[in-house]
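Go ahead and model the full structure; you've got the sequences and the hints to work with.
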Amino acid sequence: MDNWRKSSYSGPDDGNDCVEIANSATHISIRDSKAPTDRTLTFPPGAFTTFLEALKAPHSTVTDLARFRG
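Residue numbers (my numbering): 1 to 70.
Note that these hints are calculated values from the structure, not bench results.
Watch out, some of these pointers could steer you wrong.
Claimed, not checked - The list that follows gives simulated cross-link-like pairs (lysine to aspartate or glutamate, EDC-like), each with its CA atoms no further than 16 angstroms apart: (1) 6 <-> 32; (2) 34 <-> 20; (3) 6 <-> 20; (4) 34 <-> 17; (5) 6 <-> 17.
In structure tokens:
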């Protein structure tokens with residue numbers, strides 16, 4: 001079972017609508033906190049780093065995933 005956690009930037013003013021992340025030695029998963037039983041994105045650790053770097057690209061408006069703290 002994965003240990004899901006929300007971004008430290010998620011607070012009461014946003015209705016806790018955010019992404020959640022879970023990690024293990026073999027994968028990192030992301031899900032929508034509003035629909036936790038729906039599909040998840042799952043990456044091997046190296047691919048997740050590439051995904052985060054793409055989110056930080058100059059044209060991206062989605063950067064919150066890069067702010068998760070363990």
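Taking the hints in turn, this is what the structure says about them:
1. A C-alpha spacing of about 10 angstroms is found between residue 6 and residue 32, which places the hinted pair at or below 16 angstroms, so the restraint holds.
2. Pair hint residue 34 plus residue 20 holds up; C-alpha atoms about 10 angstroms apart against a cutoff of 16 angstroms.
3. Taking the CA atoms of residue 6 and residue 20, the gap is near 4 angstroms; set against the 16 angstroms cutoff, the hint holds.
4. For the suggested pair residue 34 and residue 17, the alpha carbons sit about 6 angstroms apart, so the restraint of at most 16 angstroms is met.
5. About 9 angstroms separates the Cα atoms of residue 6 and residue 17, which keeps this hinted pair within 16 angstroms; it holds.
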